[in-house]
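Participant: Residue strings, one per chain:
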Amino acid sequence: MDQTGSSSVSPEAEWRRRLASGRLSFQRCQACCAAIYYPRTICIQCGSQDLVFCDSAGAGYIESFTTVAFPASHEAGSALTLVIVQLDEGIKLMTRLADKPEGDIIGKRVILEPKAASGEIFPSFHIET
Amino acid sequence: MSPAMLKAASAAVGVGLAGFPSGHGKTHLELIADATAAAARDAGIPIGDIDGIFTTNLVNFMPAVSVAEYLGLNPRWIDASNIGGSSFVHYAMSATLALSAGLCDVALLVYGSDAASNKAPPLSFHEPLLHEAEFGAQFPIAGVALAASAHMHAYGTTRAQMAAVALAARQWAALNPEIPPLPSLSIEEILAAPYVARPFSIHDCGQMTDGAAAVIMVARDRAEKYRRPPVYFLGGATAISHRRIAQAKSLTTTLAAQTAPAAFAMAGLEPADIDVLQLYDGFTIYPILFLEDLGFCEKGKGGPLVESGAIAPGGRLPVNTNGGSLCSVHPGMYGLFLIAETIRQLRGDGGAAQVQGARFGLTHGNGGHLSTQSTAIWGRQPSL
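Same order as they appear, the protein sequences are chains D and C. Per our numbering, the first sequence starts with residue 1, numbered consecutively. Per our numbering, the second sequence starts with residue 1, numbered consecutively.
One should not assume that every hint holds.
[Said to hold, decoys possible] Computed footprint of chain C on chain D; a stretch qualifies when at least three of its residues, placed anywhere within it, have a C-beta under 8 Å from a C-beta of chain C:
1) 57-68
2) 86-100
3) 103-114
FYI, nobody ran anything at the bench for these hints, they're computed from the structure. C-beta atoms are modelled at their ideal positions from N, C-alpha and C, and glycine is treated no differently.
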């Protein structure tokens, strides 16, 4: 029996390699054009294994948010804001918001922080001004 | 063969609870045995007659194996599927299937935990959720908070409406002699409490306790042979949505919208037929979401419904009549306690919390952060 698969490379490892160089990537299915996130070896729309990596332009909007008062493994008194961002390319992801939210920020446009500016957490986003 | 053949194909004939809010140092397996023995006594069934085991927990890598060994059982059939807290509602249908196929004759559904006393992190914490955990959030609280924020934005649901869920649970808990009295709490105090994860304060979250529950089920043809009146399984359905909250297709509509129509169709009932509801309430937004998605109100109107007092004692739609996991027991996975309370109500054993004349009850379980949903419908008799 043939061992089949999209390639011999782990998409997870490839995604992290690209992330380390400051690129927020997702996959595009060559068979049905679906945008896939997180990286996989199979298309969750059509089952094809013909997926290619693309870089996101890093723009989207906030689908939801929460501010966690006592985050795991953080200094006392700190808080962090988690957001689910819907990117313009048609994928959504869990990420962190660099700004402190004021009121309901759902629907606000956000931009990817450049890796150099985002510290240890990449990807993170800031609200478009 | 069709799913409808499972309607009233089984019944719960024994129920036992143990070790909550404190197990006083007993291990989860010790509490499991206590609850099992109580359920067997309740039914009048020798423990050795149990030949089907339906169990999972937060500790054991092979839960059914550890439980069978501890209880000294040699089961003919097991199901240890782990879909989180809803697993036990799912087992109601799984057990019905096994009982009606003759794969086992006496099914034990059992759960136990010493999660409050024993601070060792549960097994589930050893699995980091790649692409979400690295952002520093604790789950499930952060995932459910994201769903709650989205519901507030989409439908105008308020913190006061979520607080109404917490207060109704407290009112029911005051009628439950099995739990210690809780200090009084006002809506003003709830709204003034700081966020743990916006929009939740500590009062929106079930607090971890110890505890165990066991339910014994048999096939319909022998349901009337035991010590207490049977409670029939009438319909059920289970669905899986996501493991990671950002993978949820919707943050505001749960897969209860999928399980409820299937469960009601199997039972031949509709929401108006249900007299008493037990809805997984690890967080106050859950009953609001589930009342909407199960069909007890229009989508988006769950907030006003709970604020009206309908779910509290004396209301027209009694929900979580034991005090729920918010105020009675939340030992990590709450699902089996939903069934135990449904049995108590449909037998008429509810005491001060009894819903008069209750004939049909609905249990709805959740696992993860709205990740899995399982509905089961129960009746005092096999049909309308």
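Participant: Please name the hints from earlier in the document that this structure breaks, with their numbers sorted from lowest to highest.
Facilitator: Violated hints: none; all satisfied.
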